[in-house]
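Chain order of the listed sequences is A and B. Each residue of the first sequence is one higher than the one before, starting from 1 at the first, in my numbering. Each residue of the second sequence is one higher than the one before, starting from 1 at the first, in my numbering.
Source of the hints: derived by calculation from the structure; they are not laboratory data. For clarity, every value in this text was computed on a predicted model and none was experimentally measured. A couple of the hints might just be wrong.
[What the hints assert, rightly or not] Simulated restraints on C-beta separations:
id: 1; chain 1: B; residue 1: Gly80; chain 2: A; residue 2: Ala62; range: 32 to 40 Å
id: 2; chain 1: A; residue 1: Ala177; chain 2: B; residue 2: Ser3; range: 25 to 33 Å
id: 3; chain 1: B; residue 1: Lys18; chain 2: A; residue 2: Ile207; range: 15 to 23 Å
id: 4; chain 1: A; residue 1: Asp129; chain 2: B; residue 2: Pro35; range: 49 to 57 Å
id: 5; chain 1: B; residue 1: Gln86; chain 2: A; residue 2: Phe158; range: 26 to 34 Å
id: 6; chain 1: A; residue 1: Gly83; chain 2: B; residue 2: Met1; range: 50 to 58 Å
id: 7; chain 1: A; residue 1: Asn44; chain 2: B; residue 2: Gln11; range: 45 to 53 Å
id: 8; chain 1: B; residue 1: Arg54; chain 2: A; residue 2: Gly25; range: 36 to 44 Å
We treat Cβ as the ideally placed atom computed from N, Cα and C, and that holds for glycine.
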Amino acid sequence: MRYIEPHAHMVSRTTDDYEKLALAGCEALCEPAFWAGFDRSSANGFHDYFRQLTEYEPKRAAKFGIAHFSWLCINPKEADDPGFAREVMSLIPQFLKCPTVLGIGEIGLNKNTRNELAIFEEHVQLALDHNLPILIHTPHLEDKLKGTRLILDSLANFSKLDRAKVIIDHVEEHTVAPVLESGYWAGMTLYPHSKCSLDRAIDILEIHGPERLWMNSACDWGVSDPLAVPKCALQMKARQHAADAIERILYRNPLAFLRQSPRFTL
Amino acid sequence: MPSKQDLLDLQFIEARHKLLDLAAFLDRIDRHPGPDDYRFAAMKSALPILLESRPDRAKAILEALSDQSAEPIPQATFQGAFGAPQHSKSNIQHSKS
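Chain A on its own, in the form it takes in the complex:
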């Protein structure tokens, strides 16, 4: 089985995890910029992080035959200080020239604050200015529904936005329909306790269909499973999904979205 892991935070994972991903059939993975579990003390911390994403991780992945791509931004958890956020954002354009950078992400909201929303909209404009796809994080737990609604309302104000080039990630049963009905792609994150279980993601797939939908592990420094995507494929098989349907959601769908960046080549 071949698959694409479209959202993984490999800076937090061991080299052993790359080997496991390769053994499971992972041909490519994408790493959005995110929160490190603590707030960085300066924009220089992000400069180093962007170098890690664009220089070091692609080499580490290549040792196992996995193509590594990245998305850049300042994540919403550190975006509530707009001065700091804009300082970090000023670093991004120089890294957009790197050959494995696909777009802007994972931007979005965390606690649904005014400043988070302002920085989110500035990131969207940055993506539009550079004609880049966008990967959007939706908030956790009790904040997800409100945050998703705020994000959709905000995006509706960008008249030049190509909705097919935007994926709104971490959808669950209460947010998937408005995302898909608005014309965006939707990502289901297979993450213990706080996002989708394998079976709930398969339920969403069965109810809403495979159009503009992908699955990811979002494995990071928390309790998470870098093999969640192939494990979900096994569960799909147990629930009598055909091999072609499994390959569509694990491989052809992420390929179709990611290929909108000319840099995503396999």
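Fit chain B to the given chain A structure using the hints.
Relative to chain A, chain B alone:
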């Protein structure tokens, strides 16, 4: 598409296990000293949704455990999330059926 029987054969024991774990959690909180809080109240308020005849119980429970306000807040006072909003009783939307 698998039948109900297929899915029961595949997943009943796992679902039974999760039901027992939830029951034991409720017992555990009741058994220990001190006040419970808005999260426990929100969970108990959402439990009747499980017995409603509707096709979207998971969605309804997620909505019941969601902040239903509409406006962005002025500033974050913390970065995390706790799984239920304050005053979450008002969020419960039970099915009419």
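Here is what the structure says about each hint:
no. : hint                             : verdict
1   : Gly80/B <-> Ala62/A: 32 to 40 Å  : 35 Å, holds
2   : Ala177/A <-> Ser3/B: 25 to 33 Å  : 26 Å, holds
3   : Lys18/B <-> Ile207/A: 15 to 23 Å : 20 Å, holds
4   : Asp129/A <-> Pro35/B: 49 to 57 Å : 52 Å, holds
5   : Gln86/B <-> Phe158/A: 26 to 34 Å : 33 Å, holds
6   : Gly83/A <-> Met1/B: 50 to 58 Å   : 54 Å, holds
7   : Asn44/A <-> Gln11/B: 45 to 53 Å  : 50 Å, holds
8   : Arg54/B <-> Gly25/A: 36 to 44 Å  : 38 Å, holds
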